[in-house]
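Asks: Sequence:
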Amino acid sequence: MKKLFLLISLFLLFTSFKPKELTWVAIGDSITYLNDHPDETGKRITKGYLTGVTEKLPHIHVINQGHNGWTSEGIAESLDKLGLIKADIYSIFLGTNDWWRGRLLGKLSDYQNNTGNGTVYGSFRLITNKLRELNPQAKIILITPMQRGDFVYINNPKNNAYGSYKPKNEQMLEQFVWAIDSIAKVEKFALVDLYHQKELDLKHMVNFKRLKDPTTSEYKNYPYPEYIGIPYNPETDEYPYPVQSIDMTYDGLHPSDKGYEVITRMLVAIMKKY
Numbered sequence: 117m118k119k120l121f122l123l124i125s126l127f128l129l130f131t132s133f134k135p136k137e138l139t140w141v142a143i144g145d146s147i148t149y150l151n152d153h154p155d156e157t158g159k160r161i162t163k164g165y166l167t168g169v170t171e172k173l174p175h176i177h178v179i180n181q182g183h184n185g186w187t188s189e190g191i192a193e194s195l196d197k198l199g200l201i202k203a204d205i206y207s208i209f210l211g212t213n214d215w216w217r218g219r220l221l222g223k224l225s226d227y228q229n230n231t232g233n234g235t236v237y238g239s240f241r242l243i244t245n246k247l248r249e250l251n252p253q254a255k256i257i258l259i260t261p262m263q264r265g266d267f268v269y270i271n272n273p274k275n276n277a278y279g280s281y282k283p284k285n286e287q288m289l290e291q292f293v294w295a296i297d298s299i300a301k302v303e304k305f306a307l308v309d310l311y312h313q314k315e316l317d318l319k320h321m322v323n324f325k326r327l328k329d330p331t332t333s334e335y336k337n338y339p340y341p342e343y344i345g346i347p348y349n350p351e352t353d354e355y356p357y358p359v360q361s362i363d364m365t366y367d368g369l370h371p372s373d374k375g376y377e378v379i380t381r382m383l384v385a386i387m388k389k390y
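Taking my numbering, the leading residue of the sequence shown gets 117, the next gets one more, and so forth.
Hint data in this document are derived by calculation from the structure and do not stem from the laboratory. Do not take every clue at face value.
[As the list claims (entries may be wrong)] Under the rule of at most 20 Å between Cα atoms (straight-line distance), these lysine to aspartate or glutamate pairs were calculated in the EDC-like manner: (1) 319 - 290; (2) 163 - 152; (3) 304 - 249; (4) 319 - 373; (5) 389 - 329; (6) 255 - 297; (7) 374 - 196; (8) 388 - 204.
[Said to hold, decoys possible] What follows is a set of in silico ranges between Cβ atoms, one per label pair, in the way DEER data are often shown: (9) 334 - 228: 51 to 61 Å; (10) 288 - 381: 23 to 33 Å; (11) 334 - 278: 20 to 30 Å; (12) 336 - 245: 43 to 53 Å; (13) 163 - 136: 22 to 32 Å; (14) 312 - 333: 36 to 46 Å; (15) 198 - 358: 12 to 22 Å; (16) 162 - 317: 18 to 28 Å; (17) 332 - 229: 49 to 59 Å; (18) 284 - 193: 13 to 23 Å.
Even glycine gets a Cβ: it sits at the ideal position worked out from N, Cα and C.
Work out the full structure: start from the sequences and follow the hints.
Replies: Here it is in structure tokens:
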């Protein structure tokens, strides 16, 4: 009888500490989308942050709502078409495409006064409104954009963009980070600040960018910031990010496995508490 009682006690002790099963909806752009589409990275990644988190926290089941190239405006205007479901956790990882497309950032009052989809602040309010409508008790995590080097799309080098070291439409990417931070503070949302993570700063985006030396026309490996201003012609030049250049990103913008590991670690630190 004592052995039976001990076994029952151990069983109850074990089951009482079993984490509750949770559903997580991850809303984002290509950095989220690529978790399920490594074939679109030239096989340069093996797992994204969604897989990384759920491997470490297997009681959390994720639904990928990453949409390639989308802005917060695009998400906000499609909220009723995306098939969003009631979940325990929502993460919002947007902003880098808003910056590059020159969207008006707006002011915190746009968020507070629910002024609509004309500014980034307003778009975030529409998104959070929808999530609260789905589950008022859900945990909401905001993830800031990463810093970005010069992006060159591996599948179409004509699709390229300069990095966050200079403004676009008179706005720095860091201003979008401050906006997301201010929303998190007002709402008391959890915040994952990737932009100010030292491991993810500009000099760690890639090891180098391989470009033609303007004086000799010979290829040379230029680290940041030496590559700034050196011309790249997608029609004639080699792809500037060979495998050896991969550091925290594989193309200046999208995380490598190493970059995704940093994002995973920062999210797990928050989500393991839920």
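Asks: A separate judgement is required for each hint: does it hold in the structure or not?
Replies: Hints versus structure:
Taken as a hint, the residue 319 and residue 290 pair is honoured in the structure, with Cα atoms around 16 Å apart against an allowance of 20 Å. A C-alpha spacing of about 8 Å is found between residue 163 and residue 152, which places the hinted pair at or below 20 Å, so the restraint holds. Among the hinted pairs, residue 304 with residue 249 is consistent with the structure: their alpha-carbon atoms are about 17 Å apart, no more than 20 Å. With a CA separation close to 17 Å, the supplied pair residue 319 and residue 373 stays within the 20 Å bound.
For the hint pairing residue 389 with residue 329, the CA-to-CA distance comes to about 51 Å; that exceeds 20 Å, so the pair is violated. Only pairs whose Cα atoms come within 20 Å are accepted, and residue 255 paired with residue 297 is accepted, the gap being roughly 16 Å. Straight-line distance between C-alpha atoms of residue 374 and residue 196 comes to about 35 Å, which puts the hinted pair past the 20 Å bound. Restraint check: the Cα-Cα separation between residue 388 and residue 204 comes to about 13 Å, which is no more than 20 Å; the hinted pair holds.
About 55 Å separates the C-beta atoms of residue 334 and residue 228, a value consistent with the hinted range of 51 to 61 Å. Take residue 288 and residue 381: their Cβ atoms lie about 26 Å apart, and the range 23 to 33 Å holds. In this structure the supplied range 20 to 30 Å holds for residue 334 paired with residue 278, their Cβ-Cβ distance being about 23 Å. Here the CB-CB span from residue 336 to residue 245 is close to 51 Å, well matched to the stated 43 to 53 Å.
Take residue 163 and residue 136: their Cβ atoms lie about 25 Å apart, and the range 22 to 32 Å holds. For residue 312 paired with residue 333, a C-beta distance near 39 Å keeps the hint of 36 to 46 Å intact. A beta carbon spacing of about 37 Å between residue 198 and residue 358 contradicts the range 12 to 22 Å that was offered as a hint. Distance hint check for residue 162 and residue 317: the Cβ-Cβ separation is about 24 Å, which falls inside the suggested range of 18 to 28 Å.
Checked against the given bound of 49 to 59 Å, the beta carbons of residue 332 and residue 229, roughly 57 Å apart, stay inside it. A beta carbon spacing of about 21 Å between residue 284 and residue 193 agrees with the range 13 to 23 Å that was offered as a hint.
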